[in-house]
Structures are given as structure tokens and as C-alpha cells.
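J.: As a plain string of letters, each chain reads:
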Amino acid sequence: MTEAFIYDALRTPRGDGKPTGALYEIRPIQLLQITLQSLQKRHKLDTALIDDVLIGCVSPTDDQGSNLAKAAVMYAGWDLSVGGMTINRFCASGLEAVNLAAMKVRSGWDSLIVAGGVESMSRVPMGSDMGPLLYDPEVIQTINYIPQGVSADLIATRDGFSRSDLDEYAHQSYERVRKARSENRFSQSLVPIYDQNGLLILEEDELLHPNTGLSELAALAPAFAEYGDWGFDHMARIQYPEVARVIPMHTAGNSSRMVDGAALVLVGNKEQGSAAGLKARARIRSAATVSVEPTIMLTGSVPAARKALERAGMTAGDIDLWECNEAFASAVLHFQRAMNVPNDRLNVNGGAIALGHPLGATGAMQIGTMLDELERQDLSTGLVTLCVGGGMGVATIIERV
Amino acid sequence: MIYYQKDIHNIVTLTLDMKGRNMNVINHEIREAFVPVLRHLQEEKEKSALKGVILTSAKKTFLAGGDLEYLYQATDSTEIFAFAEEMKAFLRELERPGVPVVAAINGSAIGAGFELALACHHRIAVDQSVIKLGLPEVEIGLIPGGGGIIRLMWLLGIERAFAILKSGRRYSPKEALQNGIIDELATSEKEMMQLARQWLLSNQEGRRPWDQKNAEIPKGTARDQATAQVIRRLTANLARDTHPALPAPRSILKVLAEGSKVDFDTACRIESRYYTQLVRSQQCKNMIKAFWFDANYIKEGKNRPSGYGKFRPRKIGVIGAGLMGSGIALACLLNGMDVVLKDVSKLIAERGREFVEARLKERVARGVINEDQRAEILSRIKTTEDSSDFTSCDLVIEAVFENRMVKQKVTREAEDYLDDFSFFATNTISIPITRLAEATRRPEHYVGLHFFHPADEIPLVEIVKGAQTSPETIARAFDFVRAIRKTPIIVKDDWGFFAARVRNTYILEGITMLQEGYSPALIENLGIQAGMPIGALSLADELGLNMVMRYEKQAAEHYGPKYIQHPAVNVLNVMLEEVDRPGIKKRAGFYDYPVEDAPILWTDIAEHFPVKTRRNIPTEELMNRFLTAQVLEAIWCMQERVIHSIPAANLGSIYGWGFPAFRGGVIQYILDRGVDAFTRNCQRLRKKHGQRFQVPSKMKQILAEDHMATEKA
Chain Z
363 MTEAFIYDAL
373 RTPRGDGKPT
383 GALYEIRPIQ
393 LLQITLQSLQ
403 KRHKLDTALI
413 DDVLIGCVSP
423 TDDQGSNLAK
433 AAVMYAGWDL
443 SVGGMTINRF
453 CASGLEAVNL
463 AAMKVRSGWD
473 SLIVAGGVES
483 MSRVPMGSDM
493 GPLLYDPEVI
503 QTINYIPQGV
513 SADLIATRDG
523 FSRSDLDEYA
533 HQSYERVRKA
543 RSENRFSQSL
553 VPIYDQNGLL
563 ILEEDELLHP
573 NTGLSELAAL
583 APAFAEYGDW
593 GFDHMARIQY
603 PEVARVIPMH
613 TAGNSSRMVD
623 GAALVLVGNK
633 EQGSAAGLKA
643 RARIRSAATV
653 SVEPTIMLTG
663 SVPAARKALE
673 RAGMTAGDID
683 LWECNEAFAS
693 AVLHFQRAMN
703 VPNDRLNVNG
713 GAIALGHPLG
723 ATGAMQIGTM
733 LDELERQDLS
743 TGLVTLCVGG
753 GMGVATIIER
763 V
Chain H
4 MIYYQKDIHN
14 IVTLTLDMKG
24 RNMNVINHEI
34 REAFVPVLRH
44 LQEEKEKSAL
54 KGVILTSAKK
64 TFLAGGDLEY
74 LYQATDSTEI
84 FAFAEEMKAF
94 LRELERPGVP
104 VVAAINGSAI
114 GAGFELALAC
124 HHRIAVDQSV
134 IKLGLPEVEI
144 GLIPGGGGII
154 RLMWLLGIER
164 AFAILKSGRR
174 YSPKEALQNG
184 IIDELATSEK
194 EMMQLARQWL
204 LSNQEGRRPW
214 DQKNAEIPKG
224 TARDQATAQV
234 IRRLTANLAR
244 DTHPALPAPR
254 SILKVLAEGS
264 KVDFDTACRI
274 ESRYYTQLVR
284 SQQCKNMIKA
294 FWFDANYIKE
304 GKNRPSGYGK
314 FRPRKIGVIG
324 AGLMGSGIAL
334 ACLLNGMDVV
344 LKDVSKLIAE
354 RGREFVEARL
364 KERVARGVIN
374 EDQRAEILSR
384 IKTTEDSSDF
394 TSCDLVIEAV
404 FENRMVKQKV
414 TREAEDYLDD
424 FSFFATNTIS
434 IPITRLAEAT
444 RRPEHYVGLH
454 FFHPADEIPL
464 VEIVKGAQTS
474 PETIARAFDF
484 VRAIRKTPII
494 VKDDWGFFAA
504 RVRNTYILEG
514 ITMLQEGYSP
524 ALIENLGIQA
534 GMPIGALSLA
544 DELGLNMVMR
554 YEKQAAEHYG
564 PKYIQHPAVN
574 VLNVMLEEVD
584 RPGIKKRAGF
594 YDYPVEDAPI
604 LWTDIAEHFP
614 VKTRRNIPTE
624 ELMNRFLTAQ
634 VLEAIWCMQE
644 RVIHSIPAAN
654 LGSIYGWGFP
664 AFRGGVIQYI
674 LDRGVDAFTR
684 NCQRLRKKHG
694 QRFQVPSKMK
704 QILAEDHMAT
714 EKA
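Protein sequences, first through last, are from chains Z and H.
All residue numbers for the first sequence refer to the working numbering, where the first residue is 363 and numbers rise by one.
All residue numbers for the second sequence refer to the working numbering, where the first residue is 4 and numbers rise by one.
These aren't lab readings, by the way, just hints derived from the structure by calculation.
Only a predicted model underlies this, so the values are computations on that prediction, with no experimental measurement involved.
Treat the hints loosely; a few may be bogus.
Restricting the straight-line Cα-Cα distance to at most 30 angstroms, the calculated cross-link-like pairs of lysine-lysine (BS3-like) are [as the list claims (entries may be wrong)]:
| # | chain 1 | residue 1 | chain 2 | residue 2 |
| --- | --- | --- | --- | --- |
| 1 | Z | Lys380 | H | Lys216 |
| 2 | H | Lys193 | H | Lys9 |
| 3 | Z | Lys432 | H | Lys257 |
| 4 | H | Lys701 | H | Lys302 |
| 5 | H | Lys264 | Z | Lys380 |
| 6 | H | Lys9 | Z | Lys432 |
| 7 | H | Lys701 | Z | Lys380 |
| 8 | H | Lys222 | Z | Lys380 |
| 9 | Z | Lys403 | H | Lys257 |
So the derived label-pair ranges between C-beta atoms look like this [claimed, not checked]:
| # | chain 1 | residue 1 | chain 2 | residue 2 | range |
| --- | --- | --- | --- | --- | --- |
| 10 | H | Pro39 | Z | Asn573 | 36 to 42 angstroms |
| 11 | Z | Ser653 | H | Asp266 | 36 to 42 angstroms |
| 12 | Z | Glu578 | H | Gly101 | 30 to 36 angstroms |
| 13 | Z | Glu578 | H | Gln8 | 50 to 56 angstroms |
| 14 | Z | Glu737 | H | Asp266 | 40 to 46 angstroms |
| 15 | H | Val38 | Z | Asn573 | 42 to 48 angstroms |
| 16 | Z | Pro554 | H | Gly101 | 35 to 41 angstroms |
| 17 | Z | Asp491 | H | Val38 | 28 to 34 angstroms |
Pulled a few chain Z residues facing chain H out of the computed Cβ check, cut under 10 angstroms [unchecked claim]:
| # | residue |
| --- | --- |
| 18 | Tyr386 |
| 19 | Asp425 |
| 20 | Ser484 |
| 21 | Pro554 |
| 22 | Gln558 |
| 23 | Asn559 |
| 24 | Arg599 |
| 25 | Gln601 |
| 26 | Glu604 |
Glycine included, C-beta positions come from ideal geometry on N, C-alpha and C.
Start from the sequences and build out the full structure, keeping to the hints where you can.
T.: Right under this line is the structure:
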């Protein structure tokens, strides 16, 4: 079968996802435009060789509406023959785009594809696209659909993680990001954002909190207690009657941050890669999508990873490095325990708790971070996974070539 | 520089009075002068010793705009962006909640000067129509950079703000009130100060809408479906109404759309970024060059014969009450002159008065003038059929139809009643002034004044010097044109003078393309895409193909046997002689002109000029030819002293026939492209298309005379 290779992966810095954030004044289409143009320049790409651009985006409305992928491809001045499709797999949209690209390439029907994602959470906040899952009482009541933060607290409660377990994990994430930054581990794949006059707007991830010591994290108030009080914890207990009380433990410090950003991954077969003068960095070994019970919602990474391993004919022991999206500390700790992943192999450069989670882009960013780190440590295999709204989970295994 | 005065109600009056200048301008100096004042006001407020502030001027202007000399030479993004952001920070400081500020506008406030007024919490202007208020930046390819776009949007909503900003209009105080850009009118300066005090005594907080919680932009933001649809329509309107290379109107819309979706300060920063982009753009530099430096060169009278005292026209005679004569009469009336309008009968002359009256009514409706002013202006026109009414006129302008005998006859009749201090002008486009002058008694007092239709609007007049016209008459004609606030350009009495002669090359180039097998639709569209206001074929029809041919024949006569006939002549011969389609007058030219319907390209045109099938249409080259042909002809005009200065040629081309302003005019085009690049291009075109693309020998010397040239590197 045709193999799908990763030729490159780029991302923008992540800007604080608030009106005070550095990227607030940048429209999401610009984030994509700048990144697409940067990818093109970096490889002197003849964009006519590219079949399609697949962009994950979780709130595809307003500034992100009407098929942003194709709009951005045209706005970036790419060849008119290049298609564009915006997809939504919630938090795994960026990774799903990569997986879909790999499937298209492996099927032999496409040969070179740009996959990635974008989210400007400052401009198009979560929930902007409304939708029945969040706002239709009939639907919410029928499936007991609760806010993810309450789901995260439910996982921590059921798994018996304490608040300090979560904060310690978060603290580690901040420390790992600081170290990675001090060693410039991110810089080679970062696309700085400039304005139309060449004035710099953002060069590096906009680190949000300088004060992330354990005592400072411990001082933060639980963020989702109010949702619980509204009655969502009752809704959780309809599904999980054995739970006495959902203990609110997730805070702004041990949950992922809302940020703005975009990322791209260039995926293709061998022939088209050589035609474009590209050098493969990795191959995509397998990809998987699953779904689990939606009230607990954020445990899908585990079956997703298992399914991906099985598809690749591998075991957990064959994986050198793991990237499990830090949507919430409990989601990662749950995954780590279930898959028995050593701490020094999981999220070694931190993750979304410290850097932020630009929803549609995160999965593609993780692929890039994983790839850079495998190369830096000269390791071979990596597994990237995200938990996803609705109970879904997505995973991808890559292997350096 | 800023006088500080506090009254018993704790109201502070700040009076701007910049030293060593006859008007207040926005610059670094004034911003610095404000720093300690604003700090002091804040301290006073904290001590509860301040009710509010009145900002006014000790000069005739309230505050003029920014420093164009600076903007013309500025290239560094960081510096320009910082310049805009500092200006904004200053204005934000002024409108900081807590200290209400009233702009007491007792003189014109234009551009950045009006932005300062917009940053005040309340605006009161004295109701005098000499006072002009507005944001005319768009005229020089620029946008407001002090937050003016964003403030206007918050005050009026996107659509109204866009209309005002895109028009660049200067409003009288009354119009300004009608348009919602000021809040109150005062009948006198004294009343203005009283109203300002009253306002401050009744409103204490002074918080702009954008500094209030939950306040919204009127009629919504680009996020709202209905407003988004408006923006979509305006975007399409821009494609219809403006050239893509004219960046400012487009930038205004982008700033409004993007700025409406974010908070006030972010929106201001977006405005600064687009502002920076425009300041750096060649289009903006070209427009500043034309509309500021070139215009000033002419205003300062650099082309005017020196040594003659200033002529102040008071009473003007106009012969011919057609559109042209009536338009000229209106231009004179609007500028304070008395007008005697004569035609063959009083009844016909009355049509001219009706024209004037109708235009004045429009102005009243727009608020430009009031009812009293309308009546006063109208009282200054006298219609007549009798030349004796020209007694005591300073100048009589003849605007009868293009017939030498008729023109000479009316001139002679009028001359009988003119004294030695007056002079006579003819408005002609095709008859040599020198020949017309033969019939006059005082040819040295006889001059051509070529107005462009519509004469009350087009800001250009060609002053045509006949063989015997005296320099004094030229000087007086120049002063007259300035007195009706138009741009005078002095031209030689050759065929077509300057404007029609150069414009004809555009028409001929388009007609040639027809012969080369390009489709007429392509020719028309590419002419417009090159930046011209209408297509070459359409313009040919409008002018009449006979006229186009006549200019070309006159050129041939002028140059004699060495002249190489323009290839367009073949097409003109077919059109005029074989198919008898001379243009719009016969409702048949390159277009058909159905009575009830819009013109359509002549359907049988391809039978005579078949369209060649081409794999690639060289659109760039065709557009290039349209402009290059005109530029070369303009250089010939300079070389042959048909026109005497680059500023006159540039402005003449923009105002006279719509050469693209974003190119800076017909000579600036060369500097815009770079002299070497332009020359190479001409050489290439000459090889391919013939001698007409030969660069005139003295082009470089001519360009060296430019007073403000900055050539692109």
C-alpha cells in the first residue's frame, strides 16, 4: 500500500485567547494565510502539486465561517487548483485533518495534502457556533451532556486523583515548557506573526502566567464549581450513580488555556514528495477514532491509542514518546495510568496546560512538537492522542524515516 | 502655545495659539505642549476643582491637518506606526473619562485637526460657511490615523461613517451638524462659548460611548448579519466606483469592518497598521505630490508671469447660456463675483439663471449654504440680450458654440462696451486663439480660457496664450482662475492645447488595438483597469470621431512630412467614411446609442475589425500602452513648451481628463515607474509598435526640473 509521509510541520505562536492577547487583532484567515505562505516559502513549494488543504476548526462560524480552509488557500495566493475543506472533530480536528490526509494519500487518490487547524478563541469564543449539544435542552437532557470541566472533575473524582495530583501534573507542564523554550526546542517550527508592514506582532508563545509555583496553583479557585452548582453534577450522577459528589478540582491553572493559533502538516506520498523536492521526516503508521460514554467524555484517548497500536501491529512498549493533549490534568493522568506510560516519555515538552489549546489547531501542533522532539532525541516512534467532546478519542502513530 | 484660563465655575478654557504660524497644526510640538496641561487637568479633577474643559483656538483655523512634508518622505514602518500610535495615545488621554472636554470650533478643523475635535466629548461650531470641517485624507490616498475612522464609526455606524470618509468632503458647520459629526451650532463665537459652558454645567462625567459598558456601535458590527451584508455591498461598490490601485477607500472599509469586531483600542491599532501601509505606499506619495506639492506650486503662482499686481475680478460677463456658460457663471457667483449672462435673447439667457438656481437649491438641501446665502448669490446674476450690459465688467468670457465666425462676432459686439482695464476670454477647444484674436481690437487683451465640462465642478482651466496675448493678460487670467478656486495651467496655442492633445493619444491607442484584433470590450475594460475613467472607444464617441481625426491631422500638419501617421487613422477612416459612424452625436460610433437604453458596443464591429484568436492576451502590455502613450505625448508637450511645468502637466492630466491620480499625474508616472524602467519599456514598445513610443530627446532634462521629485529606487 502507498505510504503517507510527513514532510514538514509548522505552527504559529499561541497568543492569549482574550481581547488583550497579542493575536486578537489578527483574523484567523490571516493566521492560516501567514502559515501557508511560510510553508510555501520554506520549501519553495510549487503549490500546484498540492491536491487539497484540510483545516480543522471547532467553531467554524463568524471569522472562521464559510469554509475557512478554501478561503485561506485563495487568500494566501496558492494555485487555483488547490482545494480546501474545513472539518470539525472538536478538539482533535487538527489531528483528524492529518489522519484524513494520510487516508487520502494511502488510498492513492491524492498525493500531496496540507493538513492542519486553526482557532482564534479570542475572536470566535468556544460555543460561538451554538449548536444543540450545548444549547438544546431536549438534547442535553436526553444524553446527559455536561460541560467538559465537570467531566474532567468527574474523572478525577472517580479515579481518585487529588487536587494536588492535578496541580503537580500542571506544575510539571509549566516547568517542561520553560525548559523547552530555554533550549529553543520550539523555534524551528514557529512561524512568527508580522503585520502588513512587516512589524512583528508575536514571535513566541505568549506565556501567560509567570507564577505557576505549586503554592500559587493550589491557591486558585475551582473553575467549574459553578456549573456543578447549576445542576450539571446531578446530571453526571444520573449517569454515574455510584459517585457521591463530583469534587471540583480543575482550575484555570491545571486546565488548558484558551489561545489563538494555527498549525500545518504537509503529508504526501513518496513520488509527489520527490517531485516537490521534499524530504520525508516521518511516516504515519496508523490512525484511529473511537468514542466512549459522553458524560465522562474525556477518556476516549485510551481506546483510541489502543486501536491505533493494534492497527499498527504495535504494543505500548514500542512507542518512544507520547503526546496526550492536556485538555485537563485529569484526562492526561487517566490516560497515563490506563496505558502505563512512564512520566519521562509523556508530554516531555509540556502541553496545553502551559501553552494553551487552540482547539482546532492543537492536534496538528502536537504532531509538529512530537516530530521535532523525536528528531532531537533521535528516537523513532511517537503516539499523539486527544480526548474529544462527545466522548470521542483520536490517535495517530508516527515513525521517523 | 496653549493658554489656560479658569473661571468661577471651575471650567477651564484652553486656547490654542501656535507661535510663528498663521494656523494651528497637529504636530509633535503641540502634543508635547499638551502633556503638562493634561496632567494638570487630571490633578485638578482629583481635587474636584474642575468641571470641564473648553478647547478653542485663537486663530482663524481651529486646527489644520497633519504634516504632509513629513508623510511624503516617511518610509520606515516602525517610525510611521509609532507616529500614529503616539497621536492616538494623546487623543485617548484627552478623552479620558472624568474630564469632559468641549471642542469650541471657531475655525476650520481638517484632517488630524478634526480628529482632535472628534476626540472631545462634545463639539460646537460657529455657523459660518467659511468654516470647513472634515476628514479629507482620502483625497491624498490616505486615511485618518488618529482614531478618526473608529470614532466616526462609533458615533454614526459603519455605513454613514464610510460614506463620509470615502467622500473626503469638507463640510460647513451646518452640513456637519446634519451629518452628525458635530453636536451643536452657535450663531457667534460668544454664543459658542456660552453653549460650551452650559453643556459642561449640565453634563459632568464625559465618557465616550466606547468607554461605556454595554454601549454598542450604531446599527451593529460586521458580526451582525444585516451589517455584514451592508459591508458586502460596499465592497462591491468599491469595485464599481474606484480603481483597485486607489487604496484609501478600500482601507477605510477594511478598518471599519475589522475595527467593528474588536474593542476600541484594538480597532485603533488596526487603523494605525493600515495607515502605516498607506503612508508607505507609492500611490499615496504620488497623490501627496500632485494634490499638495504640485498644487501648492501652482497656487504660489510659479507659472504666473511676474511683475503684475494681483487682479481681483469683481464683475464677469459670460456670453452663451448653454451648459458651459451657465457653469462658468455659477463658478463665478459662488466665489463672490457679479455675473452678466448674455445670450441671443433674454429668454434664452434666463435658462442660465434657472441652471444656477437649480444648483444652488441642491446646495441649500445639502446644507452647504443657507437660504439667505442662496438669495444673495442669485441676486448677483443679471441676464441680458444686450452687450451694453457688459459695461464695467472686468472680464468677458465667451462660451458660444465652436464656430469661428460666431465667436468673432460676439467678441466684437462685447468689445464695444469694455474699457481698457478689462480683458476678453474665449472658451474654445479647437479653434486657434491667435486666429480668433484677429477679429479683436485688442488682441493683447484676448486670451483663451478652456473650461472643462461641467465647468462649475472640474477644478481645471487651461489658459491659452495667443500670439499677441500680453503677459499681463495671462497674469490676470491666472488670478481670475485662482479666484474661482480652480487650477490654472498655461498652455500654448497649438492644436488641442495640452489636455485634449494628450488625451487624444489614449483614444488613438485604443482605436489602434481594435485594428490589431483585440475585442472592443477588452479595450474598454483594460482602459478602465489601467486607471482611466472611461474606455478609449467610449471617449472617442463622446468627443466625436471627426474631432479625434482633426487633432491627428493637426498634428500631422504641425510636424510636416517627417510625421508618421498614427495607425489609428485607418480605423477612423473606415468609421467616418465607409460606415458613417462618427460618434455619439449621430447615435452611432463604436457604440450604438439607443434612445431609451444604455449604450452598447456596436454589434457589427467585428465584421470590420475582426477579433484575432490569441492564446494569451497581453493585458499588462495593453494597459501599459494606454498610459505610456499619454505620458510620452505629455513629455513632447513639455519639450515643445506647450505646457511649462511638471506640476501643471500632472494636475492638468488628473483634473483635465482623469489620468489616474494614484500615479500622480502624467509626468509623475515616469518617476513612479522609475526613469530607466520607463525608458526600457518605451524602447520595447517602440520596437513592437512603432515610432510613437520613441522617448523624446529631452525627457531627462525635463524631469530634472521637477521641484519635488522622488524617484523610486
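J.: Each of the hints needs a verdict: does it hold here or not?
T.: Here's how the hints hold up against the structure:
1. Z:Lys380 <-> H:Lys216: OK: lysine 380 (chain Z) and lysine 216 (chain H) at ~17 angstroms, within 30 angstroms.
2. H:Lys193 <-> H:Lys9: Judged against 30 angstroms, a Cα distance of about 17 angstroms means the pair holds.
3. Z:Lys432 <-> H:Lys257: holds, 21 angstroms
4. H:Lys701 <-> H:Lys302: Answer holds: lysine 701 (chain H) to lysine 302 (chain H) is near 27 angstroms, not above 30 angstroms.
5. H:Lys264 <-> Z:Lys380: holds, 13 angstroms
6. H:Lys9 <-> Z:Lys432: Cα-Cα ~62 angstroms, so violated.
7. H:Lys701 <-> Z:Lys380: Answer violated: lysine 701 (chain H) to lysine 380 (chain Z) is near 61 angstroms, above 30 angstroms.
8. H:Lys222 <-> Z:Lys380: holds, 25 angstroms
9. Z:Lys403 <-> H:Lys257: holds, 27 angstroms
10. H:Pro39 <-> Z:Asn573: 36 to 42 angstroms: holds, 38 angstroms
11. Z:Ser653 <-> H:Asp266: 36 to 42 angstroms: 39 angstroms Cβ-Cβ, so the 36 to 42 angstroms window holds.
12. Z:Glu578 <-> H:Gly101: 30 to 36 angstroms: holds, 35 angstroms
13. Z:Glu578 <-> H:Gln8: 50 to 56 angstroms: holds, 53 angstroms
14. Z:Glu737 <-> H:Asp266: 40 to 46 angstroms: holds, 41 angstroms
15. H:Val38 <-> Z:Asn573: 42 to 48 angstroms: violated, 35 angstroms
16. Z:Pro554 <-> H:Gly101: 35 to 41 angstroms: At 39 angstroms between Cβs, range holds.
17. Z:Asp491 <-> H:Val38: 28 to 34 angstroms: Between aspartate 491 (chain Z) and valine 38 (chain H), where Cβ atoms are some 47 angstroms apart, the hint is violated.
18. Tyr386: Hint holds; tyrosine 386 (chain Z) Cβ to chain H Cβ min 6 angstroms, cut 10 angstroms.
19. Asp425: At about 7 angstroms, which falls below the 10 angstroms cut-off, the nearest Cβ of chain H leaves the hint on aspartate 425 (chain Z) intact, so it holds.
20. Ser484: holds, 9 angstroms
21. Pro554: violated, 15 angstroms
22. Gln558: Holds. Min distance 5 angstroms.
23. Asn559: With a closest approach of 4 angstroms, the asparagine 559 (chain Z) hint holds.
24. Arg599: violated, 38 angstroms
25. Gln601: Glutamine 601 (chain Z) check fails; min Cβ-Cβ to chain H is 36 angstroms, beyond 10 angstroms.
26. Glu604: For glutamate 604 (chain Z), the interface hint is violated, since the closest Cβ of chain H sits about 45 angstroms away, which is over 10 angstroms.
In terms of the numbered hints stated before, the structure departs from hints 6, 7, 15, 17, 21, 24, 25 and 26, listed from lowest to highest.
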